[in-house]
Structures are given as C-alpha cells and as structure tokens.
Amino acid sequence: MEGGARRLNIINQHLTGEPIEVVICAAFRTPLTRAKKGGLKDTPVEEMLAQLYDHVIKTTRLDKAKIEEVVIGNVLKVGSNGMGLRLAQFMSGFPDTVPCYSLNRMCASGLQSVADIANAIKAGQIKIGIAGGAESMSLFEMNSAVHPPLPERAFEIPAAANTVLPMGITSDNVVSRFGITRQKMDQMAVDSHAKAAKAQETGLFDEEIVPIKTVVKGENGEQKTITVTKDDGIRKGTTLQILGKLRPAFNPNGGTTAGNSSQVTDGAAVVLLASRQAAIENNLPILARFVSFAAVGVPPEIMGVGPAFAIPRALQLAGLTINDIDIFEINEAFASQATFSIEHLGIDKNKVNPKGGAIAFGHPLGCTGSRQVATLLPELRRTRGRYGVISMCIGSGMGAAAVIENLVR
Amino acid sequence: MSLFKTPFSAYSLAFSPYEQDKVAVATSQHFGVAGNGALHVLQLGVPFMREIYRANTQDNLFDVCWLEGNEHQILVASGDGSVKLYDLAYPQPILNLVQHTAEVFSVHSNYQFTKQIVSGSYDASAKVWDLVTGVCTHNFAEHSSHVYSTIWNPRIPFHFLSSSGDRTAKIWDTRQPQSVLTVLGHAGDVLSCDWDKYSECFATASTDQSISIWDPRNTQRAMIILTGHSLGIRKVKYSPFYGNILVSASYDMSVCVWNLANPSAPLIRHMHHTEFASGVDWNLFNDKLMGSCGWDGKVCVWDYDKPAPQV
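So the sequences go chain by chain: Y and C. Under the UniProt record's numbering, the final residue of the first sequence carries the number 409; numbering is consecutive throughout. Under the UniProt record's numbering, the final residue of the second sequence carries the number 311; numbering is consecutive throughout.
Rather than coming from a laboratory, the hints here were simulated on the basis of the structure. Here a beta-carbon is modelled for each residue, glycine too, at the ideal position from N, C-alpha and C. Do not rely on the hints blindly, as some may be mistaken.
[Claimed, not checked] Ranges between beta-carbon positions, derived for each pair:
| id | chain 1 | residue 1 | chain 2 | residue 2 | range |
| --- | --- | --- | --- | --- | --- |
| 1 | C | Thr182 | Y | Thr59 | 53 to 63 Å |
| 2 | C | Lys288 | Y | Leu15 | 24 to 34 Å |
| 3 | C | Val180 | Y | Gly203 | 47 to 57 Å |
[What the hints assert, rightly or not] Residues of chain Y placed beyond 10 Å of chain C at every Cβ, according to the derived structure:
| id | residue |
| --- | --- |
| 4 | Gly3 |
| 5 | Asp42 |
| 6 | Pro44 |
| 7 | Thr60 |
| 8 | Gly93 |
| 9 | Ile169 |
| 10 | Glu207 |
| 11 | Thr229 |
| 12 | Asp232 |
| 13 | Pro248 |
| 14 | Val264 |
| 15 | Ile286 |
| 16 | Val298 |
| 17 | Arg384 |
| 18 | Gly385 |
[To be verified] The following residues of chain Y were derived to be distant from chain C, with all beta-carbon distances above 10 Å:
| id | residue |
| --- | --- |
| 19 | Pro151 |
| 20 | Gly218 |
| 21 | Ser275 |
| 22 | Ala295 |
Bound conformation, chain C alone (with noise of 0.2 Å):
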C-alpha cells in the first residue's frame, strides 16, 4: 500500500513494465480545464511514494506511457495539441511531436514495434508516429468527434483500438487506410478502451455509465454489458494476468472492480478518492497490484482486494 499526493489534478498513471516499483502520473493544474501541467514519476514505498523525477509543462497532461524500448523513457499527452518524450536523465523533453491541431488525450507505446507510438486527440483523429525521424506516419481521420483512447494490440503489432465522442470504437490496422472494425452501442461519448490480453475482446467504457466487452466476430451487439457506476467511466484496463478481470475509474469518484464470471455487479468498489477518479493500471510484476489516480491528486497503489488506502 503506498500514496502520493500530486499538487494538480491526476489524469493518468501507468506502471513501469521495467520495474516492478516504478508508476507515472500525468497531471493537470485547474482539473484539466487550463494552466500547467506536470509528469511525475513515483517509486513505491510504505506509506508514501518518493517523487523521483518531475517534469513541468506549459499545458496541461492528459495521458502517460513507458516507452516500450526504453526503461528510461515516457510519453505524455498535452493538450498544447503536442506528445512529448521524456528521457529520466534531462528535466526537458527529448522529443516534441507536433502534428495534432487540439488537444492530445491519448498516447500508447507499441509493445513489439518499439519505435512506434500512437496518439489520439481531440482534433478527431488518430496520428501513429515513428520516434526514430520523429515523423507522423499514419493519420487516421474517421472518427467524427473526440479520439479519447488509443491503445495497441497486446498480440498484432499493426492492430490498434480507439475510442471517441462519436460513441463507436474501432480497430486499426496500420497496413490499411481505413479502419478494420467499429462498433457502435454506446449512448454516449466512449471515453476509454482496453484489449483483453487473452483473446479477440476488447472492452470500452462510456459515459453512458456502462462497460461493453465485445468479441469483434459479431460487433452487432456487445457481448457483456458491466453496469454499476453512477457517472460516466473515464478508464477502463483489463488485467495482465487474468482475462476475465477489468478495472474502471470513474467520474463517480469509484475504482471499481469486475469479473466478468459474475458481471451483474462489481467484484469490489474502491471509494476511497475524493474527487472524479480518472486514472487506473494494473501492476506487471504482482498480480493484485493495483493503482488509481484522480482529480484529487491522490495516487494510490494497493492490492485490489484489499481496501483502498484512505489519506
């Protein structure tokens, strides 16, 4: 069990895949509406998290990711419209990517083509870049509203999902120029998206307050629907160990936890931030290590079935 307060409002926290005790948090002054921004890298401990490296932004940070190829390297999505490259050694961006002409909501690192990233934005599109010329490779312009989440293939290197305000969620591959596969069942903007680890599925989230898991070989209708949160659902993120369990972070202010062997209600609900919580992910090394962040500044890491660490 381990805490940290951020000064702004926390956005998005991502777990090192290096290290078992390492977590970023992307963060944003004035809740995400204005001002400053700052990317924190935390190291776990009892009770409190030891900031060991920090990073400030001109604008605000919606979204945080390792570098897949690089221990030492994090992406981060502002909404100067740009997605920055970190390196832990230099206090500035090694990297500045500027292509996207709104806010940036959404940065995913390819977890075989190391060099390749993906960012989705509030311009509507999705853009996939190459690190090594800093080049925008591939834009992909059809969703109609919001791109909220971007998130590659776990399995398919050229297979990414996104998600957007136009309430579908689609499959890309990067070999194509249109998309392979949308879905359409939310009423509302789909905020957040996840594969599942183990199979086809995937997972989306709305603020329409429900969770789908689809199988993309009939995208007619969802295959499970995960009602219980009260508002609508900022994040969603299957675990790395077991495919039939899921983590949702909402503006309900709860971290709730699913298993879709019994999806009528939530396994567990975390009500432990104070204010709309926005961030979650699973640890890599330890498989009930969870983390959650929220517009309360308090980051949060514990064992899912144990209760939250109150402040």
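For reference, chain Y alone in the conformation it holds in the complex (with noise of 0.2 Å):
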C-alpha cells in the first residue's frame, strides 16, 4: 500500500498545487519614544496604528476592502486592546467588512502576528491581511502585564512561581548561571548605541519609519501638537566608562543594569502580507518571503534563553542553517540573554542587530516583533542579503523566531 499512498499523493498534488508563498508586501513603524518622555508618551495606541494603516494604504495603493483580517499584538492594554482596534481602523476609513482580533504572546506579540497572517494566508483563509503590534508603555504600566489576583496554590510549584519573576531577575539568572561578564554586557549596549546612532545619521531608519502626528502634553498640562520623526532613546557617544558606573538594577550582586538592558518605550509597527498571487494581482510590492515561525518554551527563571532555541527550531523549519543567514535581529530585551543567545548558536557578532538593538532604542513589548521586520527588511534589501532571522525572548520563559527571505536582491 505504500506505492498506493505515493500514487494518491501525487494525485493530491496535482490537484492542490504547490502550497501558497506568503510574501511581505509592506512594514512600516512608528519612531520608537521613551515611556513618559518621549513624544509618544500621550498617545494612544489606537492613534498609532491608525496613521501607520494610512501610510501603508497611501504607499501600496491597497484597495482597503481587499484587507481580509487585521491582527495586532499588545500586552499592557486591558483585554490586548482588543476593541480598540476596531476603532483605530474605523479612524483610518477602513470599511466595516474588515475582521481584526488582538493577540497577546507577550514579547512576541508583534511577531505572532504575522505568523497568525501568514498562516491564515497559507491555509487559504485569507489572501491579505495586516499584521503589527503596539504598546503604549507610558499610559499602561510593565506590571499590569501579571494582573492579580493569581492562584495561591501554583506558587508552591518552583515552576508555576519563576513565571511571575521580575524580568530583571530572570537576566540576572542568566547572569549567575552561565557567566556572562559584566564587560560583554555593556559592550553590547556601547555597540547597540553606536550602531544605531551611525544608522540613524546616515539615514537608514527613514524608509521604515512613519512620522507620527500627535498631540503632548506639557508639565502644567498645555496641550501641544507635534510631528514625531526620530527615535529619542539612542544616545551617541556611549561608552564603558559611562556604563560601567551604573549599579545593578536587580540583584546587587548581579550585572543587569539599567545601561544593559531595553528601554521603556512607547511604540507600533505593522507588517502587509499576502498571498503571492495576490499580491500580483493587486499590483503589490513583493519585498520579502514569510518562511517559517516557531516558539519554543524554555524554563521561567531564565526566560531570556529563548532565541537559544526558538532559532534553531525556525531554521530546520526552514531547511537552513546558522551560516545561511545574512542577518539577525534578536531583541535586546537584555545584554545578558542576548549575548547567551549569540554565543549558544556560535552566531557572528557582526551579522546580529546591524542597526543597533532595544538597548539603544527601545523595547516596545507587543511592537517589538513587528518593528524587528520593519527594520529588518531595508537592511537586508541595502546589503543584497538573503535570509534574515528575527528572534526575541518571552518573559514566563519561552523563544520565538521567524526566518524570512528578502526577494529585493
């Protein structure tokens, strides 16, 4: 019956065809701000995400009917903002007959949602749809992120316990267990800042970012409407010396300071995918190939292993390896889990966030995944790469990672 089940499944195939390319047709995001300071400090997600839907409208010329589902990723906002979203596509004269849900996969969020897209797409659902993410980290706070009351029970099990860790804990376990220098941690935050201050010199954030127009509000309360273009959080001129001074942020013994770790930042991104076809059919750019997704959990109390091993998933997903890989963008949620991650996989130091990472400009939590495509895309496109990865850590311990080809070469 073997050569049965052979002869069906050529059968099959000639009917079904090959399986549907997903392809990347637009990322964009929003300049990622400093939480409470920044020029994104009182503006609401909704608002976000309602211009960056515009600019990508206004640059693909898409049809806005065509869009078939939205999905963005948040974490801070009651319920991920489910409701909200709605309202922001109401904002940006979507019509009704557009579907949206909100997704929550913590620090992956933004990148769960375009593997939700992609995989809706492949499964013939859907042949468009808007992937992204959004946090506002000023008007929402970090710790609503663990929302009370929990069981009592399950902090008797180690495990269950370690997920509810302050992030900076689970570094500074990292840390401890497998030696990683306070010296390399910093190093990576002086090279995180200085790669993202040369990008942004010369220009390379432009094409992925959308200017933001928005209203702040002063210390006595005086209302000001401003355009936000940059990112604020990248400070030049970072050195060791002036890392070097900053006291561990967690445990005092440990080496996760404020200097090595991502910012509080406010932010969004969003991501067009669509079916090849398509895409050519509705005359849309095709940028880059979705490949392959994959999360892995790994354990709570040292969380930030995770591209460790979600990375190696993603790329035998992919039939790849290590060394087919042009660039890696692997949040920076902390130097320490990056650099474990960087050297586990034996990865090129100078292959890894060629634009400087959240150390440098930010963290955005439910964004972060989307913002990473965004400034993926133009990099590999500059450097006529092939394949880049993207990979973050989950807090409550997990790994997420994606492999994506760039087709502009």
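Combine both chains into one complex, guided by the hints.
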C-alpha cells in the first residue's frame, strides 16, 4: 500500500498545486520614544496604528476592502486592546467588512501576529492581511502584565512561581548561570547605541519610520501638536566607562543595569502580508517571503535564553542553517540573554542587529516583533542579503523566531 | 460519435495509426491509486464501440501506445514499473521490460526506428529500449522528479521530449548523454508535452492550469500561454492535421480544443466527463475526429466541433 499512498499523494499534489507562498508587501513602524518622556507618551496606540494603516494604504495603493484580516499584538492594555483595534481601523477609514483581532504572546506578540496572518494566508482563509504590534508603556504599566489575583497554590510549584519573576531577576539568573560578564554586556550596549546612532545619522531608519502627528502634554497640562519623526532613546557616545558606573538594577551582585537592558518605550509597527498571487493581482510590492516561524518553551527563571532554542527550530523548519542567514534581528531585552543566545548558537556578532537594538531604541513589548520586520527588510535590501532571522525571548519562559527571505536583491 | 464504458478509470487512449476505427485504452482500478489494470482495444461503432481485445494486468496501467512497426502490437506503461508489449493474438504480454524502479507513467513508440521506444517513470528517469533485444539502451536521469510524459519527435527520430514534476520539459538526443534543451516556465508539475507536427515548436501542460507553447530557439519564455482550465492539465495533444489546433484534458473534467490563432480562450470546451478527464487523442485519418477518456470510465470519440456525446 506504500505505492498506493505515493500515487494518491501525487494526484493530490496535482489538484492542490504548490503550497501558497506568503510574501511581505510592506513593513513600517512609528518612531520609538521613551515612555513617559518621549513624543508618543500621550498617544494612544489606536492613533499610532491608524496613522500606520494610512501610510501602508498610501504607499501600496491597496484597496482597503481587500484586507481580509488584521491582527495586532499588544501586552499591557486591558484585554490586549481587542476593542481598540476596531476603533483604529475606522479612524483609518477601513470599511466595516474588515475583521480584526488582538493577540498577546507577550514580547513576541508583534511576531506572532505576522505568523498568524501568514498561517491564515497559507491555509487559504485569506489572501491579504495586516499584522502588527502596538504598545504604550507610558499609559499602561509593565506590571499590568501580571494581573492579580493568581491562585496561591501555583506558588508552591517552583516553575509556576518563576513565571512571575521580575524580568531583571531572570536576566541576572542568566548572568550567574552562564557566566556572562558585565563587560560583555556593557560592550553589547555600547555597540547597540553606536550602531543605532550611525544608522540614524546616515538615514538608515528613514525607510521604515512613519512620522506620527500627535499631541503631547506639557508639565502644566498644556497641549502641543507635534510630529514625532525619530527614535529618541539612542545615546551617541555611550562608552564602557559611562555604563560601568551604573549600579546593578535588580540583584546587587548581578550584572544587569539600566544601561545594558532594553528601554521602556512607546511605539507601533505594522506588516502587510499577502499570498504571492494576491500580491501580483493587486500590484503590491513583493519585498520578502515569510519562510518559517517557531515558538518554544524554556525554563521561566532564565526566560531570556529563548532565542537560543527558538532560532534552531525556525531554521530547521526552513531547511536552513545558521550560516545561511545574513542578518539576525535578536531582541536585546537584556544584554545578558542576547549575548548568551548569540554565543550559544555561534552566531557571527557582526550579523546581529546591524542597526542597533532595544538597548538603544527600546522594546515596546507587543510592538517589537513587527518592528524587527520593519528594521530587517531595508537592511537586507541594502546589503543584498538573502535570509534574515527575527527572534526574541518571552517573559514566563519562551522564545520565538522567524525566518524571512529578502526577494529584492 | 461512438461511446464505451470501461469498468476501471481510464488513464490514456490512443488511436491506431493503421486503422481508422480502432482505439486502445489503458485503465486503472481504484482511480489509479491501487489495484488491477486493463488494456482495451475498441472498434468504433454507433452509438457504442465494440471491445475486440482485452488484457487484464496485476497493476494499474497509466499509458498506452500503438507500436509503429506492427499493426497488431500495443505498448502499455504499468504501475509495477514495467513496460509491456501486447500482441492482439495473445492474451499475455509478449515482452515485459523491467528496469524502472517506480511506476512507469508514459510510453511512446519511435515513428521511424520502429523497434525503439521511450518510457518515463516516477523514478525520475526516461529510458530508451530496443524491442528486438528487450534491452534498455539509454537511461536519461537528469530530471529531479517524476517523468510524466515522453514523446518522440515526428521528424527527427533521435529526438524526444520529456516533461517532469521538476517543472521542466527537456529535449533529448539519443546520440548525446545529456539533454539538449530544457525549458522552465511552469509553476507546477509538467504533466504532458507534445510536438507540433508542422514546426519545431512544442507544447507543455502543467498542474499550474496552463499550456505553454515553446519555440526551441527561444527558451527564455513561452511563445504562447493558454489559460482556461481551472485545475491541472493531464494531457495535451497537437492535431496531426493542423499545426495551430490542440486538445487538452484536465482535472477540471473538461476537454478543451484550442486554436493558437486565437489563444485567449479555448475554441470549444467539452464537458461530457463526470470525473477527471485524463486522456485525449486525435484520429489520424479524419481531421475532425477526436477521442477522450476519463476517470469516469467513459471513452468518447466524436467530431471535435460538434457537442460531445452524453451518456
């Protein structure tokens, strides 16, 4: 019957054709600005999303009615902003026929949304969809991710208890367990700022950033209309000496400081995806192919090691190896975990975050995955690279990774 | 107009090059997934054909071809990996060619070297055989996936065309070890190919629902692309009388006749099959007469410009 199964498979393939290819047609982000200080501190995420939608539609000339699904990641707003998404769509003039949902895979929400849209396209449920992520860490506290009450019984189970450890403590756990030196961590932070500053000066972010027109409140409550155009967390001239003076922020003996951790930031990003056929039919730019996605679990007390285990799984699904990848966008939640992940996998440091990372311009939790897509694609095009990997760790002990193929080489 | 119903699913049919009223049909039990096969030789009649020969096989049959050198002999491609030669005077095959390591999906008799045949297989190879010795004389293993179709050139007896699941079609010269030409243009398996009898051009048909017409002098892109089928195309066949007329059979159950002078849509679409249409052929004596067969077991022969016979 083995032969029969083969014949049946062949006939099935004749009928269903090749698997549907998912392509990325646009990826944009807002500037990332410091929580409670930056230009987006008073801007609701709906406003950021609406302006990003406008920009996607304007640049691709896509008929809004052709969008069959919108998925946006969000972590901190109550209910992950499910209701707000609908509101944002109407702000951007979408017809009421376009559905949406929000999701929360915490720090990987922005990547999970891209994977969800890609999966829906692959399954033939939709042809064109928007993914993204949006986070206001000014308006919603980091602590709102852990929403009491939690069952007391859970805290008798070590792993369950560890899921609510403060992230900084998990970072210090990585430091102590894997012997990551303070110097290495500070060096990553110095490099991140230097790369980001250079990228900003040479205009490498211009392609991905959509300026956001918004209102900001002054100290005395006066309102001012401004246009935010730039990331504001990047500190040019950050040195090891400066960072070396910072005290450990969590464990007094740990290496994790405010300087070698990601910044608390506001921002949003969106990614337009389509089946290759729909992209052709609608004259959409075909920028890249969404190749694979994987999420894995790791011990919660060292949640930052996630990328070290998610990346190999995503590569395996793509049939690729570390050496096939030209650029890695690995979220710098903490220098500790990013350093560990890079070293554990033997990744060439020069391929990682070539335009800097979250230590320099911030980590708006739900936004980050989509933000990395927006940051990765222009750099792959500029350097004529083929494959890029996006990865991040996830609080409570997980990692996610995706492989993307640049098609504009 | 003439009809027959085979007990199994029909995969391929071929008109006799010797007699106007004879057609051979290869069939497979259980839709060609498993089970037995049968070779039928049918004599046309109105309204029904008459079976004048039948051979049952242990495995599914996927292709059939009359031997150019002998009016009583017929080749079949078998799911057991063999090519079998039948003589209408005997119930059992008179030759069993075993060398392929997977299902044989195509077989074709050389028009001029009448003792030479070519076969294509799911083992990704095309093989040329000498029927006198029963030996495989050439093994062409360049395709990277199933070979679905192998057709000799009607004018250059050394050349044949092959089409494959690797999305390519190749021209081979039996005097050379490698293929002499490869065309890549389809977005899916190339299930069928055929030569234009009046020029250098050839046609390929694919699961991507299109037929491409190629000029071997420009392999960069297809000269004409015919779209109109809504599922993969199983078979394409040039008219032996007119260089611009083709017929195709598709998984969408339709049989379409195309005029290359007006390629934007099929000239005629016949919807008489109630399962996948799998085989088509042109009669070599009557320029209008055409035959089709399908998984519904229907074998139909009729004038292509008239409505197809309904059972």
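Results of checking the hints against the structure:
no.	hint	in the structure
1	C:Thr182 / Y:Thr59: 53 to 63 Å	violated (39 Å)
2	C:Lys288 / Y:Leu15: 24 to 34 Å	holds (32 Å)
3	C:Val180 / Y:Gly203: 47 to 57 Å	holds (52 Å)
4	Gly3	violated (7 Å)
5	Asp42	holds (50 Å)
6	Pro44	holds (45 Å)
7	Thr60	holds (24 Å)
8	Gly93	holds (35 Å)
9	Ile169	holds (53 Å)
10	Glu207	holds (31 Å)
11	Thr229	holds (43 Å)
12	Asp232	holds (47 Å)
13	Pro248	holds (57 Å)
14	Val264	holds (48 Å)
15	Ile286	holds (15 Å)
16	Val298	holds (39 Å)
17	Arg384	holds (24 Å)
18	Gly385	holds (25 Å)
19	Pro151	holds (54 Å)
20	Gly218	holds (59 Å)
21	Ser275	holds (13 Å)
22	Ala295	holds (31 Å)
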